[in-house]
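Protein chains: 2
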Amino acid sequence: MESTKVALGIDLGGTKTAFGFVNKKGKCYGVKSIPTNSHQPAKNLVKRIFDVYSDWIAKDKEKYQVMGIGIGAPNGNYFKGTIENPPNLRWGTTKMVELIEKDFDLPAVLTNDANAAAIGEQKFGAGKNLKNFIVITLGTGLGSGIVVDGRLVYGHDGFAGELGHMVVRPNGRLCGCGRRGCLETYASVSGIIRTVFELQANLPQDSKLRKIAYHDLDGEQIYKLAKEGDPLALKAFDETTRILGEGLATSVAHLSPEAIILFGGLSLAEEFIFKPTKQYLEKNLLTIFKNKVRIIPSALPPGDAAVMGAAALMWHELSLKKDNPKEK
Amino acid sequence: MESTKVALGIDLGGTKTAFGFVNKKGKCYGVKSIPTNSHQPAKNLVKRIFDVYSDWIAKDKEKYQVMGIGIGAPNGNYFKGTIENPPNLRWGTTKMVELIEKDFDLPAVLTNDANAAAIGEQKFGAGKNLKNFIVITLGTGLGSGIVVDGRLVYGHDGFAGELGHMVVRPNGRLCGCGRRGCLETYASVSGIIRTVFELQANLPQDSKLRKIAYHDLDGEQIYKLAKEGDPLALKAFDETTRILGEGLATSVAHLSPEAIILFGGLSLAEEFIFKPTKQYLEKNLLTIFKNKVRIIPSALPPGDAAVMGAAALMWHELSLKKDNPKEK
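Quick mapping for you: the protein sequence lines, in order, are chains A and B.
So the working numbering is basically just the index in the first sequence, starting at one, shifted up by 28.
So the working numbering is basically just the index in the second sequence, starting at one, shifted up by 28.
These are calculated hints, taken from the structure and not from any lab test.
Do not take every clue at face value.
Which copy is meant is left open, so a pair is good if it fits within one copy or across any two.
[Unchecked claim] Below, computed lysine to aspartate or glutamate pairings styled on DMTMM-like, alpha-carbon distance capped at 25 Å:
id: 1; residue 1: Lys123; residue 2: Glu286
id: 2; residue 1: Lys130; residue 2: Asp83
id: 3; residue 1: Lys156; residue 2: Glu286
id: 4; residue 1: Lys311; residue 2: Glu286
id: 5; residue 1: Lys159; residue 2: Asp185
id: 6; residue 1: Lys349; residue 2: Asp177
id: 7; residue 1: Lys318; residue 2: Asp185
id: 8; residue 1: Lys130; residue 2: Glu226
id: 9; residue 1: Lys71; residue 2: Asp244
id: 10; residue 1: Lys108; residue 2: Asp177
All values reported here derive from a predicted model rather than from experimental measurement.
Please put together the full structure from these sequences, using the hints given.
Structure follows, in structure tokens:
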């Protein structure tokens, strides 16, 4: 049996780290997950990934030829291969590519998780035929990756694409970043939960949401109640998409993309997200941008998407080296 | 005498149209200016430019070898060579490249005026050694051009870089575009004039500005009074740079540039613009972007800059053709 060339994609998150093999065409050969345990040193995590990986490879010795490793991580710096002091990991700045390359003896490349998602969509998903698009991940926070003229925008330092931290409400909600009114305090899972509590304060209507404490509420419950017609849940989606539409109009004014791909937890509440976001976006666009930008869902399988994005980053890197064989 | 290879740069504005010859190194051989007269057909303007150009060339027959024509114009579309319905010209959509190429029998290329400024800075000015920067023109309105990884960002339709129309104050000042709270209603010459009148309403202090009617006030008067220590004039610059700093923080969150180049009328009030804009920008930046972005002045001569930018666009186009000789 001929072995399959694959990249190992690693999605390094605050709570868990998932990884799996992905071939050049985007076929994912299963994903495994372990706790990140960032209270222990980063090299401990790398060792634990390597142990699971070694067992996996040992079992399928002839099956996989691993070409390299792509990593998506919060505050991942593509240029330096570092993870730089993200709020949800306790490592300060970590030379993650160096650690991975040492233990695995394979080339590795790293970027932030939302950039990895954008490359995943470009190589394997909804961005396949697009040259100019933005990927927005609506998870606990709001992440983003920007593709201009077919290339991911890194900026001069590797940190471009922090759309979750554009200010949409001056003096608005306090954000985890220390500033006020950032888009992600409104348009994300944590944002819609905050909105539900603001609405409970501001509106008189009764709602099943009034029986649920802040710590017990999640995005799925709001979605479920919206489907049942709960007025506060419906209003919460309306507010969320209204502010998301306003914020995305500012992104369109910068970049004039042909599409914005929505991805992550909140985007699964499809009927309450895509159409209203599009309507509020259109309402806020400058005339020259009207009726040009599509708002579309991710085309990657939700469970494997982050790992596929990380692997896509490595495949992209390998294709660059093929094009420029003289460079390392 | 050997002739000098030059590009003709045309800066097409709402009131006047300036043009001149610029060589590959950014030497400008004088600029001539005629009224745009957009109440007459566009081809009338093209003919009048051609007449002046022909006389100029006839006088210096051996001196110039004109390689092509670059045009900067409001709502200029690089991809289509059209000027698309700008508020300050009355032509609707005009196939300007086609008109110019026909009359001049030379290759022509067009983009919007702020994009031309960005290419001018990149080729001849403050952007020479930069790969990631934004040019902001603070004229009557606020224009912008974005360079990512050495390449101007056009977006999918040629209209990227409308930073003047990001909303910084939801439900704020009514903009000429029909929307509310756009950055250019605060940070531009017309914006600071509006601010002066808002301050006259809101503050009790006396000021020489209270003797000047709206239609009689210009940016230079506000600058002059600020230098004299007039409290309202100083406060107007403070407000303007505060909101500009806030807006640019959103642009940095998108693009993470190494520098932002300020250009145009209002930027000539240097001491009241650069340092405070930088301070307000820093105050509003996400931590990972702090102390990284420079705010710098244009390095093009104010009078010739727009013409040089338009010519730079043609020189850039010619260099692309040299690199890809197979393409037309």
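Evaluation of the provided hints:
no.	hint	verdict
1	Lys123 with Glu286	between (36 Å within a copy, 23 Å between copies)
2	Lys130 with Asp83	within (18 Å within a copy, 70 Å between copies)
3	Lys156 with Glu286	within (12 Å within a copy, 30 Å between copies)
4	Lys311 with Glu286	within (17 Å within a copy, 33 Å between copies)
5	Lys159 with Asp185	both (22 Å within a copy, 11 Å between copies)
6	Lys349 with Asp177	both (20 Å within a copy, 18 Å between copies)
7	Lys318 with Asp185	between (32 Å within a copy, 12 Å between copies)
8	Lys130 with Glu226	neither (49 Å within a copy, 62 Å between copies)
9	Lys71 with Asp244	neither (34 Å within a copy, 68 Å between copies)
10	Lys108 with Asp177	both (24 Å within a copy, 17 Å between copies)
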